[in-house]
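S.K.: Produce the entire structure from the sequences given, and follow the hints as far as they go.
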Amino acid sequence: MTKGYVGRIPHYRLTDIPELHPRKGIVQRVFRGTGVAVSYAELHPDMKPGPHSHPWEQIFILLQGRVRLHVDDEVFDLEAGSVVRIPPNAVHYSEPPRPEDGVALNLDIFTPLRPDFLELTRYQTDDFGTSIPRPLPE
688 MTKGYVGRIP
698 HYRLTDIPEL
708 HPRKGIVQRV
718 FRGTGVAVSY
728 AELHPDMKPG
738 PHSHPWEQIF
748 ILLQGRVRLH
758 VDDEVFDLEA
768 GSVVRIPPNA
778 VHYSEPPRPE
788 DGVALNLDIF
798 TPLRPDFLEL
808 TRYQTDDFGT
818 SIPRPLPE
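According to the working numbering, the sequence shown is numbered sequentially starting from 688.
The hints are simulated quantities; they were obtained by calculation from the structure and are not laboratory data.
If a hint is listed, it holds; no wrong ones were tucked in.
Cβ-Cβ distance ranges computed for the label pairs, FRET-style:
#: 1; residue 1: P697; residue 2: L794; range: 18 to 24 Å
#: 2; residue 1: D759; residue 2: E706; range: 28 to 34 Å
#: 3; residue 1: E766; residue 2: P697; range: 30 to 36 Å
Bear in mind the structure is a predicted one, so any value in this text is a computation, not a measurement.
Glycine included, each C-beta is placed from N, C-alpha and C at the ideal position.
M.R.: Listed below in structure tokens is the structure:
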């Protein structure tokens, strides 16, 4: 069987991915594919909320804990297993988890690939001959 990619398939552990601290109370690790960026984040009770928007679609998946997520004029009380699809350019943010709920874990999926994540994912040695971002097909 002929492979449709170049190179070896890597295996990463979350603990081996560089830790980022984008603002107080958030510990983040980012990973990328050809057309997607993934962020695994710890949201601590001392987290500072940061309302923002960006041109990428975002899927917010809460893996552990509870948070209140604001998306434009809507507010979602989330618990583990909740998934919210955030449209491009929507102003959104999560409130910190309550101290009694402890650290929340969330997985964000961004599409298309965020160019600002390229520098953050330099540790990735794989590209399969396809990981250079290209314009999306029309």
